[in-house]
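Given next are the chains, with one letter for each unit.
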Amino acid sequence: MNFLNAIVVGLKEIWANKFRSFLTMLGIILGVSSLVAMFAMTQGLENGLKEALVAIGGLQKIRVEARNVPVEQRHLRDFATGVTLRDVYALQASVPEIDIVSPEMRMDSPPTLAANGRRHRTFMTAGVWPVQLEMMEHQLAHGRMFNADDEQDARSVCVIGTGIRDELFGRPDQTGTEVIPIGQTLTVNGVPMTIIGMFEHYESDQERRTRLLQEAKDAADRAAGIQKPAQRDRGRGRRGNFAFWIKNNTVYMPLNTMWMKLKAGQTNTPPEPRLSNLEVRIRDVETMDRALTQVRNVLMVNHRGIEDFSFRTQEDWADQIQISVRAARLSGGLIAGISLFVGGIGIMNIMLASISERIREIGIRKAVGAAGIDIFTQIVVESVTLAVLGGLLGLVCSRGVVWLISSVTPTDNEPIITWGAMAFAFAFSGIVGVFAGLFPAIKAARLSVIQALRYD
Amino acid sequence: MALLELRNVSKIYHTGGEEIRALDDVTLDLHQGDFISIIGPSGSGKSTLMHVLGCLDSPTRGEVVLDGVDISKATTSQLARIRNRTIGFVFQSFNLLPKLNVLQNVELPMVYAGLGGKARHERAVKALEMVELGHRLKNRPNQLSGGQQQRVAIARALVNDPKIILADEPTGNLDTHTGEVILNLFRELSTQGRTVILVTHNPEIAAVTPRRIEIRNGKVAEKVDPRLAGFTPSTP
Numbered sequence: 005m006n007f008l009n010a011i012v013v014g015l016k017e018i019w020a021n022k023f024r025s026f027l028t029m030l031g032i033i034l035g036v037s038s039l040v041a042m043f044a045m046t047q048g049l050e051n052g053l054k055e056a057l058v059a060i061g062g063l064q065k066i067r068v069e070a071r072n073v074p075v076e077q078r079h080l081r082d083f084a085t086g087v088t089l090r091d092v093y094a095l096q097a098s099v100p101e102i103d104i105v106s107p108e109m110r111m112d113s114p115p116t117l118a119a120n121g122r123r124h125r126t127f128m129t130a131g132v133w134p135v136q137l138e139m140m141e142h143q144l145a146h147g148r149m150f151n152a153d154d155e156q157d158a159r160s161v162c163v164i165g166t167g168i169r170d171e172l173f174g175r176p177d178q179t180g181t182e183v184i185p186i187g188q189t190l191t192v193n194g195v196p197m198t199i200i201g202m203f204e205h206y207e208s209d210q211e212r213r214t215r216l217l218q219e220a221k222d223a224a225d226r227a228a229g230i231q232k233p234a235q236r237d238r239g240r241g242r243r244g245n246f247a248f249w250i251k252n253n254t255v256y257m258p259l260n261t262m263w264m265k266l267k268a269g270q271t272n273t274p275p276e277p278r279l280s281n282l283e284v285r286i287r288d289v290e291t292m293d294r295a296l297t298q299v300r301n302v303l304m305v306n307h308r309g310i311e312d313f314s315f316r317t318q319e320d321w322a323d324q325i326q327i328s329v330r331a332a333r334l335s336g337g338l339i340a341g342i343s344l345f346v347g348g349i350g351i352m353n354i355m356l357a358s359i360s361e362r363i364r365e366i367g368i369r370k371a372v373g374a375a376g377i378d379i380f381t382q383i384v385v386e387s388v389t390l391a392v393l394g395g396l397l398g399l400v401c402s403r404g405v406v407w408l409i410s411s412v413t414p415t416d417n418e419p420i421i422t423w424g425a426m427a428f429a430f431a432f433s434g435i436v437g438v439f440a441g442l443f444p445a446i447k448a449a450r451l452s453v454i455q456a457l458r459y460d
Numbered sequence: 214m215a216l217l218e219l220r221n222v223s224k225i226y227h228t229g230g231e232e233i234r235a236l237d238d239v240t241l242d243l244h245q246g247d248f249i250s251i252i253g254p255s256g257s258g259k260s261t262l263m264h265v266l267g268c269l270d271s272p273t274r275g276e277v278v279l280d281g282v283d284i285s286k287a288t289t290s291q292l293a294r295i296r297n298r299t300i301g302f303v304f305q306s307f308n309l310l311p312k313l314n315v316l317q318n319v320e321l322p323m324v325y326a327g328l329g330g331k332a333r334h335e336r337a338v339k340a341l342e343m344v345e346l347g348h349r350l351k352n353r354p355n356q357l358s359g360g361q362q363q364r365v366a367i368a369r370a371l372v373n374d375p376k377i378i379l380a381d382e383p384t385g386n387l388d389t390h391t392g393e394v395i396l397n398l399f400r401e402l403s404t405q406g407r408t409v410i411l412v413t414h415n416p417e418i419a420a421v422t423p424r425r426i427e428i429r430n431g432k433v434a435e436k437v438d439p440r441l442a443g444f445t446p447s448t449p
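Residue numbers (my numbering), protein chains in the order written: chain A, 5 to 460; chain B, 214 to 449.
None of these hints come from the bench; they were simulated from the model. Worth double-checking, as some hints may not be accurate.
To be verified - Computed list of lysine-lysine pairs in BS3-like fashion (alpha-carbon distance at most 27 Å, straight line):
#, chain 1, residue 1, chain 2, residue 2
1, A, 447, B, 286
2, A, 447, B, 376
3, B, 339, A, 16
4, B, 376, A, 16
5, B, 331, A, 16
6, B, 339, B, 351
7, A, 16, B, 312
8, B, 331, B, 376
9, B, 351, B, 312
Next up, chain B with everything else stripped away, as it sits in the complex (with noise of 0.2 Å):
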């Protein structure tokens, strides 16, 4: 069974009596361990499919069944459960609290899952040593590199052991080496059985990934690399 599956799903924007069509009858299956990057070019509605599937937003027509339930019709409170116990979100512009210090920012979702402060601080700090951070603890997200903040991100994505990362353009605003780095990190997480979706409009970075979903004007056009498609670890 698909982890989450989008049946006939659709988004309707109205704007000025005209009507757009960002995501367009889309059906599509996601599964546990899944790597897949979902590619387009600006406007073809890449956003507002990884705001669907994020369940950041509903759509207007169609279900979206995520572990057997369908969550098109949840209440904003519901979703932001879901967002909190099986969703992690990796930003393009990282999207750290400046205010708070490293550990503080990993430990925030933990805070609205309702977690006592000491079980917080240690999976925090778990965390951050998987992304080998465990020694800027006190640091403010400001007083780190690029790649030392998205790694930050990542261990606050992942802190609540989320199934399914959604990653958005997670290396944009960073340098190739480094956009390496962050990529293979994602990578080994698939392996560890989580599903990772990278939003992108880079080819050469969905490349990486063995499953491509192209969005064109609402539509999917699936496409899977031959090269890499033995390396999909195979669903169960």
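Isolated chain A, as found in the complex (with noise of 0.2 Å):
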């Protein structure tokens, strides 16, 4: 018996108990589309987190964070400089990978932010120098950065971030119209500031989709004059990526005012001006491991040896995002697995409930000719064949699922179904069709043609 006769007996079979079919494939159906789904899931997460670590700057950053002198230098600790602007210029002088240095100092709790009758605290109230900017990659959409002369003078000006103005003078889809705070008053802990710059709107990708349809859905509803009801703005947590949610809730102002507007007057602080961290940026990705070791022989150097600051790069944190994806994939892949492998253990009841029915027709069959291969061979393609309908389907169904998903769970990353994923599944349902089969394709093989014949 050749092969193909084999799959058209098979579907017959299939299509001679529909019902039964169906209710076996459906193991496989949903095991192989919540397969699809887990990956389509994870490779959302996985570009998510790339996306945000794009938006943060890349992969040739070093943050320098100060931090506590170490146990066994404790006896130390009053010749500890902490970071410092003298850290700055000596890697400015010193190495030469550096592109650019950025410094930063923060409040040591997050200051209230006041203005409009509003407020607000966001610990990501920092004083930097221009060229955070292109160290954080921000854009200003309105008005300008502080200059030079800003920082040499120590004026109380700021730049906001998108976030800062929708708490604190309403956001774009309440107000009706974008307000741009430019000139307006803002005070930090009470120390009153101009507003000189804002920055655009950061966003990814699919919160840009979510919101410009909600944006064309609220055209649609004005314009036939659907008044809707005031939404409460608190308790709505925070919204979207956590790197753009922090880009957006950034406010900057010069360093030396930072120092000496707010926080020269407090006590405790040291006469130097401490920084709270430096960033430090490559020029190349390739020459990390050396400018790391060049950054902390300066540093040591500068330091007389206390090792007070810490260093932290982003491919950690790259690092860090493949071990959970990774984490993810499997976990969702194994359940999503048992789930397929559920699936292949209802097929083989089936197949052995089948055959049980088939006892007499299987004698028959070998009565007249069939050898122990061709039965074996038919119950196997029976059950791949329903192994694979079912995978199809699934694969059909996983798209459902997925929307499913997203709409109970709704997430800022957007579930991508990747041919991979759908490959991989659809060949794991045929190859649990293949085991499924195996069991039940050797018990029928072996009936005994007398007995069989005999069976009622």
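Dock chain to chain to rebuild the complex, using the hints, since each chain is given by itself in its own frame.
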């Protein structure tokens, strides 16, 4: 008996028991679609994380953070200088791999911002040099960035992100028009500052799509004259990708302003301005190792051997992304794989039942000349056909499952169905079909002709 | 030379430590064109003899020589091939596959012989026309009468042009008249040069055949009806 014949016979058998076959396939359908959905979700997660990585400035950055003196150097605590501008100058002068160095000075606790009668606290309030704009890949949409003169004179000016504007002056979708608060006064812990610039709104592709969709809908509503009830603003929580949220909730002022107007008056401040951290961008990510060594050497000399600083590279984060994505993929894939496996057991079960039903048929087939291998092939082909049909339907359904999952639990990372995932899930369903068929097929092939013929 | 020879064939079953000799040292010669009945009461071993003759089972001891080849030690798949090419079965309960139509049922042995679809169709239609069922090709077995079903089964048995037709109580489920029609069909087949073996417990049916093999307690007591002796086609 040739193979094509076996497939035709298998398909007929499936068609003859439509409902039962469908129920059997359901396990495979769910297994395959959840496998594809799982991969789609993790793919979306990975893309979202990578997008965020690019948004905060890529892999070329080294972040030097001030930290407590390590235990073994505790006795030298009083000699520790902390991260200062001297480090910045030293790095600029001595490490050729470095492209730009950007110091950052923050408040010890998130300051209170107030304007327009509203208050807001954000930890992303920092005194920086204008070069920070380049370092953090900020883009000004309105007004100007403060310059060296502002820095020199410690002028009370600041540049804000749209998140701050949203909190203090209202979101565009609430106020109807976009508020551009240039020239307005903002107080930081009571110290008045003039807003001289605002960044553009940062968002992931997914957020942009959702927003545009919402805007189009709102516009249509307005055109139709539907009045939306006023929405409560509080309690909505943070929306969107973390990296973008942070960028949007930034307030920058000149470093000197931060030092002189906000920090100098505080108690317990050291005489020399201490930075909370500084960021270094190297020219080429290939020279990362050498640059790290050099930065460390320069800082160690500057700090007289006291290691009151630490490094963090984005590479750590990139690795972290890989690890977490792999973990998500593995656990999701495992769960979906188990459901596919259960589907396979369903097929095996139904094949066994169908064999006991067809003992006489198998006997007749053998009497007219079917060898064991013919019966074996027939059963395996039936099982594989069931599984593969289920797999195909599962691929079709996976789109629906993805839609269902993302509508029940909205994420910022749109799931992405890849061909690879589909091919993998489909191949897996075929393999499950083969294995589910093996045992019943062997059992059927081994039936004795005489007993099978006598069977009622 | 005999078409099918049984040389000191025994089939022994063990049930509960007890030894049952279903066939006890049977020696038989069947020739081409023979029309034979195997008769015996139930439990006599005639079914076992039929299984051995039909290559459904291998003997415990002795030789089965088919066309000069000893098949007593053949594997199950070799036996399946022999059943497919050399032997046609007709059963008491017809044993047609209910899910397949008449044509597909008749095509079944050719499917396992590896024939192409077109050749299968042609030969199946020819075989069905021979049993005068050329007009019921697309019917399911359960839409046919018993006699018609048995004729379909005979068409199926004939379709691979076997040398031996083995019929197990072929008229057992049929009325007398239909039974006679079927028996005439078998007689015709034997005159065409096929060896036809009827297995029955009914002496009236056995009386139709020129040669009768009576089985008792696993042993052969052969009888030839003198009245029908002249009917036997001479063996080549």
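Hint check results:
no.: 1; hint: A:447 <-> B:286; verdict: holds (23 Å)
no.: 2; hint: A:447 <-> B:376; verdict: violated (32 Å)
no.: 3; hint: B:339 <-> A:16; verdict: holds (25 Å)
no.: 4; hint: B:376 <-> A:16; verdict: violated (33 Å)
no.: 5; hint: B:331 <-> A:16; verdict: holds (19 Å)
no.: 6; hint: B:339 <-> B:351; verdict: holds (15 Å)
no.: 7; hint: A:16 <-> B:312; verdict: holds (9 Å)
no.: 8; hint: B:331 <-> B:376; verdict: holds (24 Å)
no.: 9; hint: B:351 <-> B:312; verdict: holds (12 Å)
Hint compliance for this structure: hints 2, 4 are not met, and every other hint is.
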